[in-house]
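A.B. asks: Listed below, chain by chain, are the residues.
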Amino acid sequence: MRPLQETRERWDSLFKGHSSISSLRTATTDAIHNSNGSNGSAPSPCEVGLRSVCWRLFLLFPGFKPEAWSRTIRCERAAFEELKRVHVSPFEKAADFGEGIDPLAEVAENPWEQFRKDESLRKEIFQDIERCMPENTYFRDLAIQNSLLNILFIYCKLNADVSYRQGMHEIVAIILWVVACDAISPATHAEEKDEEEGKPVADESVMIECLDHRFIEHDTFSLFQVIMRSAKAWYELGEGGSDSVKGSGRSENRNSSPIVEKSKYIHEHLLMAVDPELAEHLKALDVLPQVFLIRWIRLLFGREFPFEELLEVWDALFAEDPNLQLVDHICVAMLLRVRWQLIEADYSTALTLVLRYPSPIAPELPATFVADAIFIRDNPTFAGGKHIVIKYSKRAPTPPVQKQRVLKFSRKNSPLTSSTRFLQTGQLESIVQDVAKNMLSQGERWGVNRAVRDAVVDIKKNVQGFQHSQHQQWVAQESAREAELVRRSRELSKKLKADDVRRRELEKLLQLSIEELEKDDLSTEQRKVSIMRLNHVRECLSDGTKTVDYTPPATPLPETHPIAASVPTTPSSPVTKSPLSGPISPSSTSATHTSTPTISQPTQKQKSTPSSLPGLAPPPRPQKVPTSPPGSFVKTSFKNNSDPDFLTHRPRASLAQSSFAWMLGDDPAAKTKTAFVSASLRKSGNVNSNHGGGGSGGGSAGGPNGVEDGVKVDATWTPDVDEGFDLERLRRKR
Amino acid sequence: MANDEYDFLFKVVLIGDSGVGKSNLLSRFTRNEFNLDSKSTIGVEFATRSIQVDTKTIKAQIWDTAGQERYRAITSAYYRGAVGALLVYDISKQITYDNVTRWLKELRDHADNNIVIMLVGNKSDLRHLRAVPTEDSKNFAAENHLSFIETSALDSTNVELAFQTILTEIYRIVSSKALDGGDQHQVSQPGSSQPLHITPTAENATKDGKCC
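Chains as they are written, first to last, in our numbering: chain A, 1 to 734; chain B, 1001 to 1212.
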């Protein structure tokens, strides 16, 4: 509790700089953005003002004008008073009710029966209250404990479906603490009243009413109820309580509680979108999200951060999202902050890390998680997650698409090493699909999207700048920014143009391959060539810097397509194998291939522009067009790309050397998960191979690829389901 | 914790009513700490410790959960893969002992059939407040094929022994199973081990490792 004078100053500071709830909200969230000390902007109004008033403004009060609060305050307090009379008073004068009824009579309507139930509920609640915030002596006061008990008990009576669940007590305790801190201490109130007698301060009546120490319990209940409107579901059990299927963790889908569903959603949707690698890693480790999220979420992070810093998290959370949906994103932000530790962790380490979350140290106080969460909410993409990861670690996570592609490819082994045997339609199609998918995602990897986003952010900043400054200085700044924007957009369009050219060239290569492969009487050599071409396309797509310059094998092929080279193709040349599509359709030309190959040498100049390149030229080497402007797409086009993925590009290592080389072997043992008992590698194979998991999803870590910790499993790759790219569609696109 | 070597990894869960001292048993065993005013557990806690049995290193992965979490949200995640359970009650609170049968039912419903269970009467230091006679618990444990021990996390009595006993028991079952199946597995492909139930099946069970 504070003296009147200090309260008055704080009260005034709340209303000085702010004219509306939204400006107060903005000031609160802005404060966290600057909490890393880089910017000396105003501290949070919750800090310097009155936190309890801010919270009530964010969550409870109808408007910003204090005059409007009185009604709400009075209603809420009267309601609580009434609830207390109904539910709590029986315990204060237990003997009064149920007069004339035998307390031991076992009839349903015996009020004693209910009384006994309530009493055991109060006991259950009190057991937690006694253990609540043991480090804070304030909560050892019996009167305070009784307040907590009353609030929780009344809440349970009103919400019998959920009743009391462990964890609620800490939410109430924190609210009570905040409300009590802001209450005007009765002693100084009386003192100053005496001093100021005779000069009524009309302005202050609301303040004094609002912060009346006699209603701490009432006001706490009001705030608790509002928070529980969102948080109640996290304590619900779901239909059927829990799954009854023995030992099977997989059965959680049925009847699972809202908190489990929420945890899954956070893991499998939110985290998966911003950091698929991390999400997959947690999945592979079999760290179930609800195991740690249940506490993070139910307590609103109450056990994860030091008390004072937790209050700042709540400030920003309530200011930003009174419905508390942002909690999900805060969880994601927290996971991203320890991303690298998690990625490197085995099961035990990972679980320990999230269950004993390392509280961030200044300047990155926990409130920064809210800032990150807002960013992630607004940018729920890999790029958004990457931004956050880089912000704190200066390291960029692996782009998801590339990773996926590499994994997929390695599974099949390189088509280059295999011969015709490789040529099975399914595999071929999947390569083509890979290529198509990559084309779509290429924009992201080439940094185009990012550049666009940056430009948009700049524009946003400019707009904000308009609102805040009116001076010459500003004009100079803006023109500089504008110039920067113009430069960026120029760069951007240049890049887009280059990309477009490149894309078209790749498309041609693809088309060519498709046409050839569609031929019924395709020779082995032709197939090989096509496959190699496809492979080249794939490489080009995976590596944005690679020049589209496909040179067929140096060894002369026994047969090729002499006609094709001279075919006067047009951009609209038919690509279907329908005989109706014209005399120079692939099917008709393919029948005539007889002579020696016309392999283009790298030095050979190409006069044709990309758009007029023959779609059928069998030794396709047309893409290097160094002289023509649109074709000047070479590595230099990307030199100024700042995307770190670009800079770190290295020549492809052989598959056997790669970090995923283990995938080349198809070890079934490595795919099993979660051995609850397993032997370490250093022991004999005998031990290893004989202890698998028991019962619920157990598995063994034995086998050549077994890992030390029985629960660490790498081989959790699952084949991708095709995402709707097929040859037919590719053709249509064309 | 992360890169230590071990021969076996056993997951053991602590169950029992709220306030019986599960978290302190965990902290006493894994960190040799005791906290008189410990907070109530929300969700789960987790700690590991390795012990030696014979010449083998056994890493115990011990899970502690909120007492109120019976039949609750994370039940299946909690019991998943557990090979041992310490069913804890408070010797000074009759009701926590009365609820032991409910916890046994919970284990029957959610844990592996072969989970090794030990009944633990905690807070044995509260002699003057004892509400549950040792003999009662002993008889109950015998009837239900459970091992039984009384502990005090506060003064450390028997805490080490309790964990040692249950881990050893699990280890014995596991290694007997390993010997049974060892030869035939060497004959078959050594690399392609299959998930095995580590605890004996009903036919070859020789220990009182069955819960029901």
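By construction, these hints were calculated from the structure, which means they are not laboratory data.
Honestly, I wouldn't trust all of these hints.
[As the list claims (entries may be wrong)] Calculated cross-link-like contacts (lysine to aspartate or glutamate; reagent style EDC-like; alpha-carbon spacing at most 20 Å):
hint: 1; chain 1: A; residue 1: 283; chain 2: A; residue 2: 261
hint: 2; chain 1: A; residue 1: 117; chain 2: A; residue 2: 135
hint: 3; chain 1: B; residue 1: 1039; chain 2: A; residue 2: 141
hint: 4; chain 1: B; residue 1: 1093; chain 2: A; residue 2: 141
hint: 5; chain 1: B; residue 1: 1093; chain 2: A; residue 2: 161
hint: 6; chain 1: B; residue 1: 1093; chain 2: B; residue 2: 1037
hint: 7; chain 1: A; residue 1: 123; chain 2: B; residue 2: 1037
A.B. asks: Given the hint that residue 1093 of chain B pairs with residue 1037 of chain B, does the C-alpha gap stay at or below 20 Å?
C.D. replies: Given pair residue 1093 of chain B, residue 1037 of chain B holds - Cα atoms ~18 Å apart, limit 20 Å.
A.B. asks: Between the alpha carbons of residue 117 of chain A and residue 135 of chain A, is the straight-line distance 20 Å or under?
C.D. replies: With Cα atoms ~31 Å apart, residue 117 of chain A and residue 135 of chain A exceed 20 Å; violated.
A.B. asks: For the pair we were handed, residue 123 of chain A and residue 1037 of chain B, check the Cα-Cα distance against 20 Å.
C.D. replies: holds, 18 Å
A.B. asks: Under the criterion that the straight-line Cα-Cα distance not exceed 20 Å, is the pair residue 283 of chain A, residue 261 of chain A satisfied?
C.D. replies: The given pair, whose Cα atoms are some 15 Å apart, holds under the 20 Å limit.
A.B. asks: Take the C-alpha atoms of residue 1093 of chain B and residue 161 of chain A, compute the straight-line distance between them, and say whether it is at most 20 Å.
C.D. replies: violated, 28 Å
A.B. asks: Given the hint that residue 1093 of chain B pairs with residue 141 of chain A, test it: the Cα-Cα distance must not exceed 20 Å.
C.D. replies: Violated. Residue 1093 of chain B to residue 141 of chain A sits at ~25 Å, over the 20 Å cutoff.
A.B. asks: Is the Cα-Cα distance between residue 1039 of chain B and residue 141 of chain A 20 Å or less?
C.D. replies: holds, 17 Å
This entry does not satisfy hints 2, 4 and 5, going by the numbered hints stated previously.
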